[in-house]
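S.K.: Using the sequences provided together with the hints, build the complete structure.
Sequences listed follow chains A, B and C, in order.
For the first sequence, position 262 (counting from the first letter as 1) is numbered 262 according to the numbering used here, and the numbering increases by one without interruption.
In short: position in the second sequence from 1, add 1000, done, that's the numbering used here.
In short: position in the third sequence from 1, add 2000, done, that's the numbering used here.
Hint data in this document are derived by calculation from the structure and do not stem from the laboratory.
Backbone N, C-alpha and C fix where the C-beta goes; we use that ideal spot for every residue, glycine too.
Among these hints, one or two may not hold up.
[Stated by the list, open to error] Partial pick of chain C residues on the chain A-facing surface, computed with a CB cut under 7 angstroms: (1) 2123; (2) 2160; (3) 2163; (4) 2295; (5) 2335; (6) 2341; (7) 2355; (8) 2357.
[Said to hold, decoys possible] Distance windows between CB atoms, simulated: (9) B:1406 x C:2217: 32 to 42 angstroms; (10) A:8 x C:2124: 18 to 28 angstroms; (11) C:2357 x A:161: 14 to 24 angstroms; (12) A:161 x B:1152: 28 to 38 angstroms; (13) A:119 x C:2062: 47 to 57 angstroms; (14) C:2030 x B:1335: 32 to 42 angstroms; (15) C:2221 x A:153: 54 to 64 angstroms; (16) B:1233 x A:164: 35 to 45 angstroms; (17) C:2026 x A:228: 40 to 50 angstroms; (18) B:1364 x C:2026: 33 to 43 angstroms; (19) C:2033 x B:1407: 42 to 52 angstroms; (20) C:2153 x A:115: 48 to 58 angstroms.
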Amino acid sequence: MDALFTQMFLGALFFGAITAAVPLLLAGLGEQMSEKAGVLNIGIEGMMIAGAYFGFLTAYQAESIWLGFIGGAAAGLAVALVMALLCVRLGLNQIVIGIGLTLGLEGLTALLHHIQFSRTYPRLPAPQILEIPLLADIPVIGPALFKHHPMVYLSVALVFVMIFLYRRTQFGLNLQAAGDKPAALDVAGVDVATTRTVAVLATGALAGIGGAYLANVGAGLFVPFITNGAGFLGIVLAMLARGRPMWVLFGALLFGVSLALTTALQVAGINIPTDVIQMIPFLAVIVMLVVFGRRSSLPAALGIPYQRGER
Amino acid sequence: MTAGSPNSSADSSIAEPIVTLSGVTKRFPGVVANDDIDMAIRPGEVHVLLGENGAGKSTLIGLLSGLIAPDEGTIAIDGRATQIASPRHALALGIGTVFQHTMLVPTLTVAENLLLGEPWWRRPRKESLQRRIEDLSKSLGIEIDLDALAADLSLGEQQQVEILRALSRNSRVLILDESTSMLTPEGIEELGDLMRQLVKRGLAVVFITHKLKEAAAFGDRISVLKLGRKVGEISPDRFRSLDHDQLIAEFVEMMFGKRSGDPEDVVRSPHPELRDRQPLLSVSGLTLAPARGNPGLNDIAFDVRPGEILGIAGIDGNGQTQLARVLAGQQRADGGDIRFDGKPVTDWPVHARRDAGLRYLTDDRLGEGTVGSFPVSINLLLKQIGDPPFWRNGIEQTAAIDAHARDLIRQYDVRTPSEHTPIGRLSGGNIQKALLARELAEGAKAVIFNKPTYGLDLANTLATRSRIGDVAQSGKAVLLISTDLDELLALSDRIAVLSAGRIVGTVDNEPGARNAVGRLMGGLAA
Amino acid sequence: MSTDALQASDNPEPRPRAELLSALGHRILLTVGPILVSLIIAGLILVFVGVDPIKYYAYVLDRGLFSPSGIQQTLTRMAPMLFLAAGLIVAFRAGIWNLGVDGQFLLGAVTAAASAPLLVAVVPAWLAAVIAFVIAACVAMAWSLVPALLKAYHGVNEIITTLMMTFLGISLANVLVKLAFLDPNTTVPQTRTLPVEDRLPRLFDTTISSGLLLGLVAIIAVHILMTRTAFGLKLRTVGANPHAAIHAGLNVPRLTVAVFALSAGLAGLAGAVDIIGVQGNVRADWNPGYGLLVIPMVFLARFNGFAAIGFVLLLSVLSIGGESAARRLGVPNHFTLVLIATVLIVLAIVEYVDSRFLKKTRA
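M.R.: Shown next, in the form of C-alpha cells:
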C-alpha cells in the first residue's frame, strides 16, 4: 500500500470510528448514571430508538438537526419517565419493564415509520461540520478527528462533565449513596426515589440524544430497528466501566473502531466479512475479562427497589 | 453549637420537653408495635428506653426519625403537634438518629458521608465541614480521619462519625439505638462520658438499650417498654435516690414482673476434671490472609475437650467470623491444621465435617443461616439436601421431610404456624431455635456457636444459654464465640481473647476473669 | 442481584384444595383481565393508525387460534419458545440472569442445520435428528462456558458477559453460515437444506411439528426438576441466598456452571428443534430474537413451568396471528411487538396493585 492509500484508509477509519462511537458513548454514559444510582436500566434500547425516531421526525419537520436532538432527548425522557414511575416509584421488576419498553418502542417506532415514511424514506441533508481551526489542518488525524458535527465534541466534553459531577458535586455523592446504600441516603435526609428518578431521566435524555445522533448525523434517515442493540452495548460499556466515565469513552471508541473497520476495509478493497470484524471488540473485551477477571464491584443495591423502613 | 436551651442538668426535670408523645399507637400486620405511648423528651437528660426485643423500641425510633408514621396519637415538637413526614423533616426539626446498623455509605469517605444531605446543587464544601467538625470533635475528644473510607473504620469509629453527623446538623435530640452492642467495655464507658457531655450542653439524648446495667449507669430518666406498651417510668429525682442494685431490681420488676437480681448474672462453675480429657477439636497454626474489612487469622491455636466450653472473646470484626468459617469448612485457611475427633479435617468440605459431628451455628441467621423464602421444613434440612430418607434417588420425599420438621419443631419449641411457613416470617428467636434444632440434630460432637444470643430478647437469650450449657453437659465440645462478656463469663470454662486475628491470651474462668479478659481486649497484658 | 431482589421469590406452600382452586381462579382473573386491558390500549393505537381494532383482533384470533392452519402454526411455533422458556426457568430460579439465550439459540440452530443434512446421508433420519440435537446442545453449552466460568470462579456479572456473548454469537453464526457451512448449490447464503421428509415427524394428520411435544416434555421436566428434586432445591438455594448455599456446604461454583450448561443446552435444543422441525436450514442474518420475547413471559409466569406454557401460547398466537394480519390487513408485523409490550407492562402493574392490595387486606 502506498502512502496516500494508507492515509485515506486511516482517515476513513478514524472518522468512522468516532461517528460510530458517539451514540455508544452517550448511551454508556447515560446507563452509567442509572447504574450508579442503583437502577439497572434495561429499557435504554427503547429510549434510544424513541430518540432516534422522534429526533428524526423533529429534525425533518423543523429542518433543524439541533431541534432534532431536542426532540430525541424529549422522547428518551418520556420513555424514562415511564421507567422511573414503574421501577423507581412502584418498584416493579426492572428487567421485565426494561424489556417491555424496548420491545414496545421498537414496534411503535417501526409502525409509525411505516405509516409516515414507508413510501418516501426521506433523508436529511448532510449535517453541518464544525472544523476546529488549526487542529483540523494536521494531516490524516486532523480531518479525521477535528472535522465533525459539533455534537461529537459535546459528547466528549460530557465525559468530563460526568467526571466532575461524580467527583465534585453533592449530586454525585447522592447518586453513589443511592446505589451503594440507599437507606443511608434516606436517613441523611435525601429522597432516594427522587435521586434515582433524576438519574433514570438523565439516562433517557442522553440515550434519546444518542438515538437522534444515530438517525440524523450517522445515517441521515430513520429505519426501523436502527439502534440495533446500541443500547444494550451501552449497558455492557457501563457495567465494564463501573462508574468511570473515561472508561466508557475508551470502550465506545474500541467498538467504534471495529464498526468503522468494516467500511474502511471496503475502502481499502480488502474483503473480510462484516461479521468477523464485528466480533473483534467483543472478543477483546472477553479476553480482557478472562485475563484480568476479578470480582466486579457493581453498586450493592443495583436492581433492588428501595422501600423506606425495610432493612 | 446547638439551638437547645442552655439548661444545666440540675434543673432539667422542669425544662420544657422538646418532643412530647401522647397516645401514640402504631400497628403492623398482626402486631401492635406501639400501644398508646406517652413520653416526654427533655433537654439536659439522658432518657433511657429500656426494653426487650419486640418491646417496640425500634418502632418508636422509626416514628421519631420520620421513617414511619403513627396510626393514632400525636407527636408534639416544642409543644406544637407535628407530623414528622420524612427523615429530612426529622433532621430539620433537630432530631438526629444513630441507628443500630451503621448508616454510612461504605464507598464514600467520612467527609463525603458527613456532607450527604446538603442541597444537591451545591459543591461539597469540605473546608467549612473540616472546620466545623474539628471544633466539634476537639471539644468531645473524638479523633476522626475525614479522608478515610467509611468501610475502613471500625464499628465504634463509624458510630462516632454518626454522632458527629447528628451534632454537626444542630440536632437538639440525639437518639442512640442499641449503640453499645458493638463496643468494647472501654468504648461503652467512652460513649457514656460523651452522653454526659452532650446533655450538659443542653441536648436531649435518647438512649435505647436492653442492658439493665447500661440503663442504670448512663440514664437520668428511664422509660420501660414491654410488648409495645410503656410499663413504667423512673424520674430523674427518683433515679438519683436509688443505688445500682435497687435500680436493677426495679427494672426487672417492671420488665418481668418479678423481684430478683439481674437474670444475666450467672457464673459458670468450673469443671477441673475436663483438663485430663483428650481434645476433640484442636487447631494449630491456623492462618488466613487479611481481607477487606477483616484482619484475617494469625497463627491461631487452641484445644477444646469433650464437655468443655471454650469462649472466644473480642470486639466484633477481629476475625471471629473468619475463624468460625474456616473451622466449618466454608472458607479455606492459608495454613495450619485442624484436627477433629482424631482425624485431620483441614481439607474436608463442609458436609464431611458436619457428617463427622462438627457443627456450626452461624450468627448471620437470615444472611447465611437460612433461606428466608423457603419453608421451615426445608431450612431444617438445608445442610442435608439430597440425603436419604428425605430424598430418594434425588426425589423429594415430602412426608418424611414434613414429619422430620414437625418432630424438631416440637422438640425445640419453634413457634411457627406450620412447618410450611417461610422461615423468614418467624421472629429472630424462633429462627434461632430452628437453627439450634438443625445443628444439634443427631450426630453432633462439637458445636461452634457464633454470637448465639445476638439480637435475641431476654427470654430467648436465657433459653439459648441453657441449651448451650446442656450441650456441654452432654459431653460435646463447645466453641462459644461472643462479643458479650457477661455471656462468656456465664458459660465458658476458659476464655481466649481474639484481637486483630490473633489469640492474645487465654484465661481460666475464675474470679478475676472479667478483669483479665477486659485488659486483654483493651490491648493490655492479662 | 438476588432472586428476591427482582421480586420473583416463590415457594408455593401446599394448601387445601379449595384454597388452591380459588387462588388459581384469582391468578387466572389477574392474567386475563390485564390482557383485555392491553388489547384496549393497543386498540387505541390501531385506531390512531386508521385500522379497525375489532377487525384486527378478530383476524389475529382467527389466524392465530381458531383457524385450523393457524392453530397448527401457533402450536408449531411454540416448540422452540418452550425450550427457551425451560432454559430460562432453570437459570432464573438459580438466580443467574442468562440474557444470552439468543446467541445460544442461534449457534444451536446453525450447528444443527449444518450437521443434520450431512448425517441423514449416513444414518436413519431419527438417529440423525438425535445426533444433531446432541451436537446443538453441546455447542450451546460450550458457548456458555466463558460466562459460566467467569461467574463461577471470578464473580464477573453474567448480565454483561451473556449480553456480549449474544452479540458475538450472532456474528459467529453468520460467519459460520456464510463461510463454513455454506450450501454450495444455492446463490443465497444459507446452509444445506434438510429434506422435508427427514425433519421431525408431524403429529397425526396435522402440520404441527412433533417438536411441540418435545418442548412440552422439556418444560415440564424442568419444572419437576426445579420443584421436586434435591438438585433443583440446591439450585434454588444458590439462587435465593448464595451465602446460605455456601454455609450449607453446596459447591456453588460447580452448581453455577451446571446451571449455565443446562440453561444454554436447552437454548441450543430450542435452535435445533426449530431447524430440524420447521426451517430445514439457516439463512444468513436469520435471527428470530425469540429470547428477548420469552424472557418477560418467564417472569410473568413467575418461573412456573405450567404457567410459562400458557404465556408461550399467548405469545405464539399473537405472533402468528400478527404475521397473517400484516400480510392481509397491511398492519405491519411490528404492531405485535407493541401489543406484547403492552400486555407485559399492564400485567406487571396489575401484579403490583394486587400484591399491595393483598398486603393491605392481610393487615
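S.K.: Indicate, hint by hint, whether the structure satisfies it.
M.R.: Checked hints:
no.: 1; hint: 2123; verdict: violated, 32 angstroms
no.: 2; hint: 2160; verdict: holds, 4 angstroms
no.: 3; hint: 2163; verdict: holds, 6 angstroms
no.: 4; hint: 2295; verdict: holds, 6 angstroms
no.: 5; hint: 2335; verdict: holds, 6 angstroms
no.: 6; hint: 2341; verdict: holds, 3 angstroms
no.: 7; hint: 2355; verdict: violated, 10 angstroms
no.: 8; hint: 2357; verdict: violated, 13 angstroms
no.: 9; hint: B:1406 x C:2217: 32 to 42 angstroms; verdict: holds, 36 angstroms
no.: 10; hint: A:8 x C:2124: 18 to 28 angstroms; verdict: violated, 58 angstroms
no.: 11; hint: C:2357 x A:161: 14 to 24 angstroms; verdict: violated, 44 angstroms
no.: 12; hint: A:161 x B:1152: 28 to 38 angstroms; verdict: holds, 30 angstroms
no.: 13; hint: A:119 x C:2062: 47 to 57 angstroms; verdict: violated, 29 angstroms
no.: 14; hint: C:2030 x B:1335: 32 to 42 angstroms; verdict: violated, 58 angstroms
no.: 15; hint: C:2221 x A:153: 54 to 64 angstroms; verdict: holds, 57 angstroms
no.: 16; hint: B:1233 x A:164: 35 to 45 angstroms; verdict: violated, 54 angstroms
no.: 17; hint: C:2026 x A:228: 40 to 50 angstroms; verdict: holds, 41 angstroms
no.: 18; hint: B:1364 x C:2026: 33 to 43 angstroms; verdict: holds, 36 angstroms
no.: 19; hint: C:2033 x B:1407: 42 to 52 angstroms; verdict: holds, 44 angstroms
no.: 20; hint: C:2153 x A:115: 48 to 58 angstroms; verdict: holds, 52 angstroms
When each numbered hint is compared with the structure, violations occur for hints 1, 7, 8, 10, 11, 13, 14, 16.
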